[in-house]
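Residues per chain are reported as follows:
Number of protein chains: 2
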Amino acid sequence: MILHTPSLDRLINELTKLPGIGSKTAQRLAYHILRSSKHYSKSLRGALEAIEENVHECPRCYSFTENEALCHYCTDINRVNDMLCVVEDPADIARLDYSGSFRGRYHVLHGAISPLAGIAPKDIRLSQLFERIKNENIREVILALDSDLEGDTTVLYIAKHLRGQNLKVSRLAHGIPIGGDIDYIDHRTLGRALENRVEI
Amino acid sequence: MILHTPSLDRLINELTKLPGIGSKTAQRLAYHILRSSKHYSKSLRGALEAIEENVHECPRCYSFTENEALCHYCTDINRVNDMLCVVEDPADIARLDYSGSFRGRYHVLHGAISPLAGIAPKDIRLSQLFERIKNENIREVILALDSDLEGDTTVLYIAKHLRGQNLKVSRLAHGIPIGGDIDYIDHRTLGRALENRVEI
Chain A
1148 MILHTPSLDR LINELTKLPG IGSKTAQRLA YHILRSSKHY SKSLRGALEA
1198 IEENVHECPR CYSFTENEAL CHYCTDINRV NDMLCVVEDP ADIARLDYSG
1248 SFRGRYHVLH GAISPLAGIA PKDIRLSQLF ERIKNENIRE VILALDSDLE
1298 GDTTVLYIAK HLRGQNLKVS RLAHGIPIGG DIDYIDHRTL GRALENRVEI
Chain B
1148 MILHTPSLDR LINELTKLPG IGSKTAQRLA YHILRSSKHY SKSLRGALEA
1198 IEENVHECPR CYSFTENEAL CHYCTDINRV NDMLCVVEDP ADIARLDYSG
1248 SFRGRYHVLH GAISPLAGIA PKDIRLSQLF ERIKNENIRE VILALDSDLE
1298 GDTTVLYIAK HLRGQNLKVS RLAHGIPIGG DIDYIDHRTL GRALENRVEI
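These protein sequence lines map, in sequence, to chains A and B. Residue numbering for the first sequence follows this note's numbering, starting at 1148 and increasing by one per position. Residue numbering for the second sequence follows this note's numbering, starting at 1148 and increasing by one per position.
For reference, chain A alone in the conformation it holds in the complex (with noise of 0.2 Å):
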């Protein structure tokens, strides 16, 4: 083990606790910081403080937001209020409407089913999506979740539990990525872009 300072140690641990930061990276941003004027961490000291202080979840939505009481996704009167987007982290929302090709609610899973983590329906917040869909009239939910072992798994739950009601379900299209080159695109992402092919 390289000694360093106890606190320059301690930095280090707190950092290798983040995700795809290893030891050595731990140790370079540690010693960066220490190089860097205090000023530096200071202000990422603020940061960190402002967050833990400030941002909450909706309690509507359960996205990130640092409002009274509901957030901008959910008062914002621009928006349709039968059609919700469901999202696995809050951080999907930011990215999906970036896309600016939704423009209805959020819901935030906050995880997915996951049978091997012992991630069960209850642990994330299903009970409460079912609930909004009910008493907000929701019209058309899309679930746009990764496209992983566990949200197949959760996006055949949702689609089971809301079957025979008067709701259309739908998930995000499968294809080519725009920019993507076809000789690096999986065959089954292929075949599902064949499948699903727009006509022009």
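Just so you know, the hints here were simulated from the structure itself, not pulled from any lab data. Only a predicted model underlies this, so the values are computations on that prediction, with no experimental measurement involved. You can take every hint at face value.
No distinction is drawn between identical chains; accordingly, a pair holds when it is met within one copy or between any pair of copies.
Listed below are the simulated BS3-like cross-link pairs for lysine-lysine, each with C-alpha atoms no more than 30 Å apart in a straight line:
| # | residue 1 | residue 2 |
| --- | --- | --- |
| 1 | K1307 | K1281 |
| 2 | K1189 | K1171 |
| 3 | K1269 | K1185 |
| 4 | K1269 | K1281 |
| 5 | K1269 | K1189 |
| 6 | K1164 | K1269 |
| 7 | K1164 | K1189 |
| 8 | K1269 | K1315 |
| 9 | K1185 | K1164 |
Place chain B on chain A using the hints.
Here is chain B on its own, set in the frame of chain A:
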């Protein structure tokens, strides 16, 4: 520009100032910190504060220390006093010392001469180095600087300055890294490894 809440944007902005952290990584880190318990954000802040308050430069060798006066490399009585290893950054000391091959004193330049970046000899701790060599009766100086243009320039500058003094000046050996595959090693390194071949 993808929109987050103001505090999130602030944290993302601070994180992108770290080396190797782009805006996508900063977003991922910021959302991770937000999703983690507030305990994590608090302990990260605590670690930053500890760095700010406790760590300062050793007044003799300019490495980072939390000691009141001199660092533990300067006060360690089991080290020889007449050998000095010169490094660019404080982080280099931990790595060199971990090798176990040097038990003398250190001197941190805090940079290297770089005409391109506008770093002149006076901008790094060179006069302090020459001062120490004179005052501490140094017999051997090992230049453990990076093997790049800036490191080489600094090595030449120091070697020229110390010429004519009764002093052994050396630099780290070039050669094949241990475990290195000859197929992947550039021809200049191979050339050095051949020139400096070691009899067995």
